[in-house]
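Residue numbers (our numbering), protein chains in the order written: chain A, 223 to 539; chain B, 223 to 539.
Since the hints were derived computationally from the structure, they do not count as laboratory data. Please note that a few of the clues may not be correct.
Given that identical chains are not distinguished, each listed pair holds provided it fits within a single copy or across any two copies.
Cut-off 27 Å, straight-line C-alpha distance, at most; resulting in silico cross-link-like pairs (BS3-like, lysine-lysine) [said to hold, decoys possible]:
| hint | residue 1 | residue 2 |
| --- | --- | --- |
| 1 | 228 | 390 |
| 2 | 452 | 318 |
| 3 | 316 | 373 |
| 4 | 373 | 249 |
2 protein chains.
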Amino acid sequence: MRILKKDEIVQVIEGLDPSYLLMQIEKAMVAIALNQVNMPPIGHLGFDSPPGDVHIKYGHITGDASYVIKIGSGFPQNSTLGLSNSNGLMLAFKAKTGELEAALLDEGYLTDQRTAIAGAVVAKHMAPGQVEGIGIIGTGIQARLQLEWLKTVTNCRRAYVYGRSSEKVDAFIQDMSGEFTITVCQTPAMVAARANLIVTTTPSNSPLLMASDIRPGTHITAMGSDTPGKQELDENILAAASIVACDSIEQCLAHGETCHAVNRGVLSEGQLTTVGAVIDDGIQRKDEDITIADLTGIATQDIKITLSVIEALNQSV
Amino acid sequence: MRILKKDEIVQVIEGLDPSYLLMQIEKAMVAIALNQVNMPPIGHLGFDSPPGDVHIKYGHITGDASYVIKIGSGFPQNSTLGLSNSNGLMLAFKAKTGELEAALLDEGYLTDQRTAIAGAVVAKHMAPGQVEGIGIIGTGIQARLQLEWLKTVTNCRRAYVYGRSSEKVDAFIQDMSGEFTITVCQTPAMVAARANLIVTTTPSNSPLLMASDIRPGTHITAMGSDTPGKQELDENILAAASIVACDSIEQCLAHGETCHAVNRGVLSEGQLTTVGAVIDDGIQRKDEDITIADLTGIATQDIKITLSVIEALNQSV
Numbered sequence: 223m224r225i226l227k228k229d230e231i232v233q234v235i236e237g238l239d240p241s242y243l244l245m246q247i248e249k250a251m252v253a254i255a256l257n258q259v260n261m262p263p264i265g266h267l268g269f270d271s272p273p274g275d276v277h278i279k280y281g282h283i284t285g286d287a288s289y290v291i292k293i294g295s296g297f298p299q300n301s302t303l304g305l306s307n308s309n310g311l312m313l314a315f316k317a318k319t320g321e322l323e324a325a326l327l328d329e330g331y332l333t334d335q336r337t338a339i340a341g342a343v344v345a346k347h348m349a350p351g352q353v354e355g356i357g358i359i360g361t362g363i364q365a366r367l368q369l370e371w372l373k374t375v376t377n378c379r380r381a382y383v384y385g386r387s388s389e390k391v392d393a394f395i396q397d398m399s400g401e402f403t404i405t406v407c408q409t410p411a412m413v414a415a416r417a418n419l420i421v422t423t424t425p426s427n428s429p430l431l432m433a434s435d436i437r438p439g440t441h442i443t444a445m446g447s448d449t450p451g452k453q454e455l456d457e458n459i460l461a462a463a464s465i466v467a468c469d470s471i472e473q474c475l476a477h478g479e480t481c482h483a484v485n486r487g488v489l490s491e492g493q494l495t496t497v498g499a500v501i502d503d504g505i506q507r508k509d510e511d512i513t514i515a516d517l518t519g520i521a522t523q524d525i526k527i528t529l530s531v532i533e534a535l536n537q538s539v
Numbered sequence: 223m224r225i226l227k228k229d230e231i232v233q234v235i236e237g238l239d240p241s242y243l244l245m246q247i248e249k250a251m252v253a254i255a256l257n258q259v260n261m262p263p264i265g266h267l268g269f270d271s272p273p274g275d276v277h278i279k280y281g282h283i284t285g286d287a288s289y290v291i292k293i294g295s296g297f298p299q300n301s302t303l304g305l306s307n308s309n310g311l312m313l314a315f316k317a318k319t320g321e322l323e324a325a326l327l328d329e330g331y332l333t334d335q336r337t338a339i340a341g342a343v344v345a346k347h348m349a350p351g352q353v354e355g356i357g358i359i360g361t362g363i364q365a366r367l368q369l370e371w372l373k374t375v376t377n378c379r380r381a382y383v384y385g386r387s388s389e390k391v392d393a394f395i396q397d398m399s400g401e402f403t404i405t406v407c408q409t410p411a412m413v414a415a416r417a418n419l420i421v422t423t424t425p426s427n428s429p430l431l432m433a434s435d436i437r438p439g440t441h442i443t444a445m446g447s448d449t450p451g452k453q454e455l456d457e458n459i460l461a462a463a464s465i466v467a468c469d470s471i472e473q474c475l476a477h478g479e480t481c482h483a484v485n486r487g488v489l490s491e492g493q494l495t496t497v498g499a500v501i502d503d504g505i506q507r508k509d510e511d512i513t514i515a516d517l518t519g520i521a522t523q524d525i526k527i528t529l530s531v532i533e534a535l536n537q538s539v
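Whole structure, please, built from the sequences with the hints as guidance.
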């Protein structure tokens, strides 16, 4: 049985070929579409004082030698103590015996990575043929990682960023402008006016992008809305889209962008597809099409990135 | 952050005063009765080939500095590989920050202990004033541990045991006859004819004890029925009982002995109480009363035994 700390896990992930990780996360998405997964409902444990949320995502993909249980948490006041607001660990067990195989004490690193890789997978399969500019709404860790991973699937190096805090925008530019030409935008609408591949990465509770902001031919990946109440996109954007692809239809109906649009009656469940189906079947994107990927984060991604780490360790022995 | 293996955990538990552990498990039961607990539904992940069941029990007791997540598993074919059929680990996290505090890789040892301690707690509060004989139905690990822990709450050292396999019965007698005078019974009914404190510890799917077997003045603790479909007691025994105390009414209605009796209509939900309420309020037991404790195993017990280990380690530093 292996126990790995964050720095060891970072080293393993950084040593892996990005295209291998993209493929693993593709498999994670396709497993959902093909129903080749045993993925029980997410467990939740909430705290009030201080506020905190613990979630347990777990499951098994048909054919995998292991099942994985992820325990993640968000305690928004941690930063006042000099601690990370989010935390997490991954546990892998042998699917034939239940034996603990590895505990990856990644502190949320693997979740951050698999979320960003999922964004790149979506862009690979759904982005316009010619990416004119990448729009990033938000300036946090995930905003950085999404942009970082998009390098593996597009040659575009023009980025347009919007953030509420000018301090954080400055830090973002400092960190990311080595390989990207970054333009700061004063509003989300200004991002949408310039970029045709947009990623929203905020914890917003109300729409940041309105339907009138979005140009024909734009793809948007929304990954901020991961719990009930959050919303980054005006539901009319989803109504106008030719494709709305969910990482998990069930989860997106419960707490993604999709749920707002369906609840308002501007989108029906029958119009939804999965990212996995898009990967598996391909899409015929027309020049004017607006497409959306609604990402809530799924256990199969946690499973595949965890097993990628373990596999790499087993091969290096 | 601490990581402890089974042998270290065994050492800590064996170094603790049994009366301290009894008190902790009493608190675990009372927390349920007083609704001082945040205990989400148990998570389940099932496997078919080979058959296996993973369960995640977790929660937080009001006022505790930590929350605990237990991952347990049962893979019934493990024994053919020379492995234990059951396995498990406990994770404790700080309730104010979500930081991982300790991982106790106990392989199910703490679950076995807290289950047996719960049996002793029940006997302390519900057994007849004069225990004439202890009846044990079953000859597994839990049969041994229940008897072992009953020593802490009764002076009776006469035990009557029933098991299907004469080989396992012999092994049981060899292991347990140091401090007990053990009589082998050919049927469960013969155990009930001699013992007035009975513990059932089998994975049976059909009743082993019938209502006509049970003498007035008997207490029965049923702890084998922990998943749907299992049953050790004829439902008419519960109907005849003056008290039916559940560790968790919700869980017992879902998969304890209680669910069979309620489903058959011989017992109503209104007649149920909790073990915690019995501990908190006490009971007036009449000589002729038949009483039942239905134990399905609850997260608060996992929490309290885990925190007892951590507390002991913190104090020993």
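Verification of the hints:
Proximity of residue 228 to residue 390 under the C-alpha cut-off of 27 Å is restricted to the intra-copy arrangement: shortest distance 25 Å within a copy versus 46 Å between copies. Taking the shortest alpha-carbon separations for residue 452 and residue 318, only the inter-copy value of 23 Å comes in at or below 27 Å, while the best intra-copy value is 39 Å. Taking the shortest alpha-carbon separations for residue 316 and residue 373, neither the intra-copy value of 35 Å nor the inter-copy value of 38 Å comes in at or below 27 Å. Taking the shortest alpha-carbon separations for residue 373 and residue 249, only the intra-copy value of 20 Å comes in at or below 27 Å, while the best inter-copy value is 55 Å.
Checked against the numbered hints above, the structure breaks only hint 3 and satisfies the rest.
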